[in-house]
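So the protein lines, in turn, are chains A and B. Using this note's numbering, you'd call the opening residue of the first sequence number 1 and step up by one each time. Using this note's numbering, you'd call the opening residue of the second sequence number 1 and step up by one each time.
Derived by calculation from the structure, the hints in this document are not laboratory data. These numbers were taken from a predicted model, which means no experiment stands behind them. Please note: incorrect hints may appear among the correct ones.
Computed cross-link-like contacts, SDA-like style, restricted to lysine to any residue with a CA-CA straight-line distance of at most 25 Å [what the hints assert, rightly or not]:
id	chain 1	residue 1	chain 2	residue 2
1	A	Lys662	A	Gln594
2	A	Lys21	B	Asp31
3	A	Lys21	B	Leu69
4	A	Lys444	A	Leu479
5	A	Lys21	B	Arg86
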Amino acid sequence: MNTVPAHADLASLQRENAALKARLQEAEDTLHALRCGEVDAIMVGEHVYTLEGSEAAANRFRSDVLAQMDDAVLVLDASGHVIYLNPAAERQYGVAPSWALGRPRASLYTEEWPDAADEDAAQRAMQDPGYWRGRNLHRRADGSALLVECAHSALRDERGAVTGKLVVARDVSARAAAEAALHESRARLHFALESARIGDWELDLDTGSTRRSLRHDQCFGYDAPVPDWNFEVCLQHVHVDDRIAVHQAVARAADGGGDAHFECRVVWPDATEHWIEVHATLAVGGTPVRRLVGIVCDITERKRAEAALREADGRKDVFLATLAHELRNPLAPIRNAVRILQLTAEPQARERALATLERQLEHLVRLLDDLMDVSRISRGKMELRRAPVAVAAVLLNAVDSTRPLFEQRRHELVLNLPPQPVVLDADPTRLTQVVVNLLDNAAKYTPDCGLITLSAQPQGDTLLISVQDNGIGIHPAMLPRVFDMFTQVKRRTGAATEGMGIGLALVQRLVELHGGSVRALSEGEARGTTMELRLPLQVATAAAPALAAPAAPGLPPTSRRVLVAEDNPDSASSMVMLLQLMGHQTAVAHDGLQAVASAREFLPQVVLMDIGLPGCDGYEAARRIRAQDWGRDMLLVALTGWGQDTDRERSRQAGINHHLLKPVDPKRLEVLLRLPLPD
Amino acid sequence: MPERAYRLSLYVTSPSPRSARAIVNVRAICDAHLPGRYELEVIDITTQPELARSEQLLAAPTLIKREPLPVRRFVGDMSRTDQLLRGLDLPARPARGRTR
Numbered sequence: 001m002n003t004v005p006a007h008a009d010l011a012s013l014q015r016e017n018a019a020l021k022a023r024l025q026e027a028e029d030t031l032h033a034l035r036c037g038e039v040d041a042i043m044v045g046e047h048v049y050t051l052e053g054s055e056a057a058a059n060r061f062r063s064d065v066l067a068q069m070d071d072a073v074l075v076l077d078a079s080g081h082v083i084y085l086n087p088a089a090e091r092q093y094g095v096a097p098s099w100a101l102g103r104p105r106a107s108l109y110t111e112e113w114p115d116a117a118d119e120d121a122a123q124r125a126m127q128d129p130g131y132w133r134g135r136n137l138h139r140r141a142d143g144s145a146l147l148v149e150c151a152h153s154a155l156r157d158e159r160g161a162v163t164g165k166l167v168v169a170r171d172v173s174a175r176a177a178a179e180a181a182l183h184e185s186r187a188r189l190h191f192a193l194e195s196a197r198i199g200d201w202e203l204d205l206d207t208g209s210t211r212r213s214l215r216h217d218q219c220f221g222y223d224a225p226v227p228d229w230n231f232e233v234c235l236q237h238v239h240v241d242d243r244i245a246v247h248q249a250v251a252r253a254a255d256g257g258g259d260a261h262f263e264c265r266v267v268w269p270d271a272t273e274h275w276i277e278v279h280a281t282l283a284v285g286g287t288p289v290r291r292l293v294g295i296v297c298d299i300t301e302r303k304r305a306e307a308a309l310r311e312a313d314g315r316k317d318v319f320l321a322t323l324a325h326e327l328r329n330p331l332a333p334i335r336n337a338v339r340i341l342q343l344t345a346e347p348q349a350r351e352r353a354l355a356t357l358e359r360q361l362e363h364l365v366r367l368l369d370d371l372m373d374v375s376r377i378s379r380g381k382m383e384l385r386r387a388p389v390a391v392a393a394v395l396l397n398a399v400d401s402t403r404p405l406f407e408q409r410r411h412e413l414v415l416n417l418p419p420q421p422v423v424l425d426a427d428p429t430r431l432t433q434v435v436v437n438l439l440d441n442a443a444k445y446t447p448d449c450g451l452i453t454l455s456a457q458p459q460g461d462t463l464l465i466s467v468q469d470n471g472i473g474i475h476p477a478m479l480p481r482v483f484d485m486f487t488q489v490k491r492r493t494g495a496a497t498e499g500m501g502i503g504l505a506l507v508q509r510l511v512e513l514h515g516g517s518v519r520a521l522s523e524g525e526a527r528g529t530t531m532e533l534r535l536p537l538q539v540a541t542a543a544a545p546a547l548a549a550p551a552a553p554g555l556p557p558t559s560r561r562v563l564v565a566e567d568n569p570d571s572a573s574s575m576v577m578l579l580q581l582m583g584h585q586t587a588v589a590h591d592g593l594q595a596v597a598s599a600r601e602f603l604p605q606v607v608l609m610d611i612g613l614p615g616c617d618g619y620e621a622a623r624r625i626r627a628q629d630w631g632r633d634m635l636l637v638a639l640t641g642w643g644q645d646t647d648r649e650r651s652r653q654a655g656i657n658h659h660l661l662k663p664v665d666p667k668r669l670e671v672l673l674r675l676p677l678p679d
Numbered sequence: 001m002p003e004r005a006y007r008l009s010l011y012v013t014s015p016s017p018r019s020a021r022a023i024v025n026v027r028a029i030c031d032a033h034l035p036g037r038y039e040l041e042v043i044d045i046t047t048q049p050e051l052a053r054s055e056q057l058l059a060a061p062t063l064i065k066r067e068p069l070p071v072r073r074f075v076g077d078m079s080r081t082d083q084l085l086r087g088l089d090l091p092a093r094p095a096r097g098r099t100r
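Let the sequences and hints guide you as you build the complete structure.
Structure below.
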C-alpha cells in the first residue's frame, strides 16, 4: 500500500499494523513449513505436485492394504486384460503376476452362472448403475470351481468413459458348503418328523406367539394351518379333564422345571376324541430367547391297540373260565357213571351208566379235537389238504357218520343231491367234519321224529349246501352269536342246559379257510333252523373223488386176524376184548420189537399199532414190517394221541395206512376192519 | 460473552503421511479446545485439484480458519500445537469440561 490516509488516527494505524503483522507471520510460517519439509505437496499453477517421498509412502499404504486383504482384487482394462491383481488374487487363482499381468481375464478364470438370466442381469447392471454384486462360479485354469461373492465396478476416467473394471471376489465355498449341509440337515429332520408323523412347535414365552408345522395342526384335527394359535387356544382343544394337568406340565417346563412329557386327549373340530403325546423343552440359544420347543404325535391308534389288547386279555380269561366249566360238564356224569358201575350189578342201571359214559366221553373227545383245530387255525397252522372232491361223496360220508344219532332220535333225513356231479377244491376230511357238525346240531336241537333236509345246489360259481331242520330254532337275539365259542342254548325239552361247544366256531373258521361263508337262519324259537354253507365252485371236469365210498351197509360181518401192539395193559386188554366181541381173531404185543416178531408169526391182516411203544416206536416197527415180504400188504393202523399233520406225515412215510387218534371210535374201527383189504 | 463457533477447512493429499498426521492433530485440538463448537471439513485435493487453485493453496496440508474472522492459514502437519493455538486465538490450556 502506497497511499497514506489523510486523517489517520492512532487506533486505525495500530489495527492495520496488527493485521500486517499477522499476514507476515503467516507467510513466514508457511515458508518455514516448506523449508522444513512439513508438506506433502505443493501447488504450482493449476497442478498439485505430490512430493516423491509422500507419494511413495501413500503407495506403500495402498499396497499394504491390498496385500493384507483376504478378498481377491483384480483390475481389468477396457478389453478385459488383467492390469493389476493383489496377493490374495494370486493365491485364489494360482497365478504369479509375472504370468498373469496383461493376459485376458479368461486365462485366470471363466465365469459360470446359475442361470442365463443372471448373466444378463449382471451385464445390464454394469451399464447402469455401473456396479454389480452377486454370486457366481469361477472355474479356474486347473478345472476346479470356486463359488464366489463378487463386486464388479466400472472404472471411469474424468470424462466418464469406461477405462476398465474392478473385481473383488470373495471365496464363499466354505459358507456355501455349510449352507448346503444345513439345508440337508433340515431336510433330513423334516423327513424324519414327517415319516414318524411328528409335528413340531415353538412357543415364544414372552409374546405367546407360536410357530408350528402342519403336522402339529393336523394332530388337532385341522387339514390346513390354523391362523391364530397360542397356548390358550391349544388348551381349549385339550379334553376338559386333562386341561389342568397339561397346563401344569407346560408351566413347569417354561419355568425351568425340566422337560415336559405327557399324553392327553384332544377333541377335534369334528368332535372326535384323539390321544396325543407331547414332549416340550426350554430352548437353548437362538431367537426369541425365551421359548419352549417341542413335538407332538397322534397316538390314538396305539391307545386303541392297547385297549384292544386289554380287552383280548380279558376275553382270554373269560374263555379259559368258560372252557374249564365246559370241560367239567361231561366229567360229572362220567364220574357218576363210574360210581354206579362200581356200586351195582343191576343190568339196566349198568347199561344206562355205560351209555352215559360213552356219550360224555364222545362229547369230551369232540370238544378237545375241536379246540385243537380252532387253536391251530388261530395260529395259522391249519393246513388244508385240498383235492378235487366230489360233493356227493362228502355228503354221503357225513350222513353215514351221523346215522346212529339220527336212528336214535328217529329223525327223517332227506338228501337232495345235485343231478350232475359237482366237484369242489377242498379238504375232504375238513369238509366232512363241517357237514357232520351241522347235521349233528340239527339232530340234537330237533325233538324226536323231526325232519332234517340236507341239500346241495350249485348257484353260479358258488355251491350252496344247506341243512334245514324243524327243531327248536334260534331266538333272533341269539342269531348273531351262534358262531361264537361256548354260546349257551337252552333246550326246550327241559333237558339240562348244554353248551353248543365250539363246533360252530370251528365250522365258521374251516369254511372261511376254504374261501366260503356260513350263515344261520331261523324264524324264531320252535320255528326250525337252516344253516347255509357257501363254497366257491371249481370249474372242473369230473375228477376222481378223494374219498373212498362209505362201506355199503349190509356187508356180512368179516373176521380178521388183528395184532394189537400196545404197551398199556388196560388199553391192550380192553381193545382185545372189543375185537373179539366184534368177531375177530387177536394177538397182542407190548413193545415194538415184540410187535415185529408177532407180526411174523401171527401174520395178521391188520395191525393196530400204538406209536409210543418201548423198544422201538410204532414208526420203526412199521418200517421193519414193511421191509419184509410178508409185511408188504398188511393193513397198518396207527393209534396215537398225536394228530398233528407232521405226525400223520411220519406215519405215512413209515408205511402206515391209517392214522387214528386215541381214543379210537369203536364204530370207526369196525368200519375200517370191514373194508376190503389192500391186495 | 458466548463462545464463538469455529469453521475450519483442512486440505490434504490423503493418504500421505503428513496429511494423515495433520488430520489427527487438528481433530485432537478441536476436540480438546473447541468441544461442541467447531465444524471441520477435510478435503482431499488429489481428488479435487480445482479447489487447490480456487483457494489459492500453496502447499498441502493447509488448514484454513474461516470463522471467526479474520481468515487465517496454516501450512504443515499441525504438530506445533502452541503455535497453532495462538494462531487460532485459543488459550493454551484446554477448555473446561468433557470434550465429547
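Structure-based check of each hint:
no., hint, result
1, A:Lys662 / A:Gln594, "holds (22 Å)"
2, A:Lys21 / B:Asp31, "violated (29 Å)"
3, A:Lys21 / B:Leu69, "holds (16 Å)"
4, A:Lys444 / A:Leu479, "holds (17 Å)"
5, A:Lys21 / B:Arg86, "holds (14 Å)"
In this structure, only the earlier hint numbered 2 is contradicted, and the remaining ones agree with it.
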